[in-house]
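With these hints in hand, go ahead and build the complete structure from the sequences.
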Amino acid sequence: MNKKNQIIIGVVGVVTVLIGILFTQPAVRESSESGSDTDDKRVVEENRKRVKELYQSPRESLAGKAKDLSPDCQELWSGLRGLDLRTLSKDTKNIRNKNSSEKCSAIPLPLKAVHDYFNSACKEGADPSVCWTAIYHYRAAISDYLTKEVPLSEIKDPRILLDKMLANREINPELSLKAAERLAEVEPNLYEARKAQVLGRLFLATKKPEQSESAWNSLEDSIQKARELSKLDPELLEAELYAEIARSSSWEHAIDKSQEVAEEFPQEWRGPYFAAWGLFKEGRGQEALDYLLEAQKRDPQNQRVKLAIEGIKKGDANPFQVNISYNDLSQYD
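Each position in the sequence shown, counted from 1, maps to that position plus 189 in our numbering.
Derived by calculation from the structure, the hints in this document are not laboratory data. There may be inaccurate statements among the hints.
[Claimed, not checked] Restricting the straight-line Cα-Cα distance to at most 27 Å, the calculated cross-link-like pairs of lysine-lysine (DSS-like) are:
| hint | residue 1 | residue 2 |
| --- | --- | --- |
| 1 | Lys-446 | Lys-396 |
| 2 | Lys-420 | Lys-337 |
| 3 | Lys-414 | Lys-241 |
| 4 | Lys-446 | Lys-414 |
| 5 | Lys-367 | Lys-414 |
| 6 | Lys-241 | Lys-254 |
| 7 | Lys-345 | Lys-312 |
| 8 | Lys-486 | Lys-502 |
| 9 | Lys-420 | Lys-238 |
| 10 | Lys-420 | Lys-301 |
Values in this document were obtained by computation on a predicted structure and should not be read as measured data.
What follows is the structure in structure tokens.
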């Protein structure tokens, strides 16, 4: 298992979900909205602290819920679920019960990959941050397995809903989305839950771009609800702009939206980048290149901008790409 959850969507709407870690800086608005920016940053920080608490808090006891497991596996699972990572030392030898883990070999098939990842990531001397991430994924998979027959509407524990959201991002995006929706009901002010809905709906919409207009409207509604809590998340901004590109029957609308963002966020490169994408789709290559040069001025080291400029100059048919990641789990260790 890799380290981060990431969506990479090409210009034809092909979506590949990977696991990995990506950290992004907040978008910056015009200085006249500094008060709003302060509130937004406060929301982001409160969200980070709350999500960290949920990930690190111990889960409820197995209490006979996994009777099909061997005693050794029950011991391992109980130990992992009972860990309070808020107070535990990061020394990996204090995390992994080597004997119990090695004896626990009859793991249910759906959890085999995360079990092996845990054994590898949390061996003595391993990188503690990698081990922490492995524990988050393993506990999430265990929670999902133990509640597979429980309707989401009956789950009130936000830790379990967060686990189910994480566990299903790759294997069952629809279930991950539903878990995010339920988590937003339980914790209405948790930005993580709203952002997960945006990413889930974007994944599904671009996977089947021929879907009905209602699917795109649901995505737009999710974006607006997420923006109620945070307007400075650059990945939310990218999701919004890419949605315009992916669904647009009129490139002018996508271009106008991107130009508005370029003005609203004068230090953010995504506005001019997506404006260039729309212009390129309309066959206005020189204008697209001008916008890309503006994007490069805002972020001189940005590789996506550089590749798009080179692609246009070489005559590539599809020089643009979108890159949207799930939150960096290492920020919660």
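These are the hints, each one checked on the structure:
1. With a C-alpha separation of about 23 Å, the suggested pairing of Lys-446 with Lys-396 holds against the 27 Å cut-off.
2. Proximity of Lys-420 to Lys-337 is assessed by CA-CA distance (about 35 Å); at most 27 Å being required, the pair is judged violated.
3. Between Lys-414 and Lys-241 the alpha-carbon distance is near 22 Å, which keeps this suggested pair within the 27 Å criterion.
4. Taken as a hint, the Lys-446 and Lys-414 pair is honoured in the structure, with Cα atoms around 18 Å apart against an allowance of 27 Å.
5. Taken as a hint, the Lys-367 and Lys-414 pair is honoured in the structure, with Cα atoms around 16 Å apart against an allowance of 27 Å.
6. For the hint pairing Lys-241 with Lys-254, the CA-to-CA distance comes to about 26 Å; that is within 27 Å, so the pair holds.
7. Pair hint Lys-345 plus Lys-312 does not hold up; C-alpha atoms about 34 Å apart against a cutoff of 27 Å.
8. Between the alpha carbons of Lys-486 and Lys-502 the distance comes to roughly 18 Å, so the proposed pair stays at or under 27 Å and holds.
9. Restraint check for Lys-420 and Lys-238: the C-alpha separation of about 18 Å stays at or below 27 Å, so the hint holds.
10. For the given pair, Lys-420 sits about 39 Å from Lys-301 by alpha-carbon distance, which is inconsistent with the 27 Å threshold.
The structure fails hints 2, 7, 10 (numbered hints given earlier, in ascending order).
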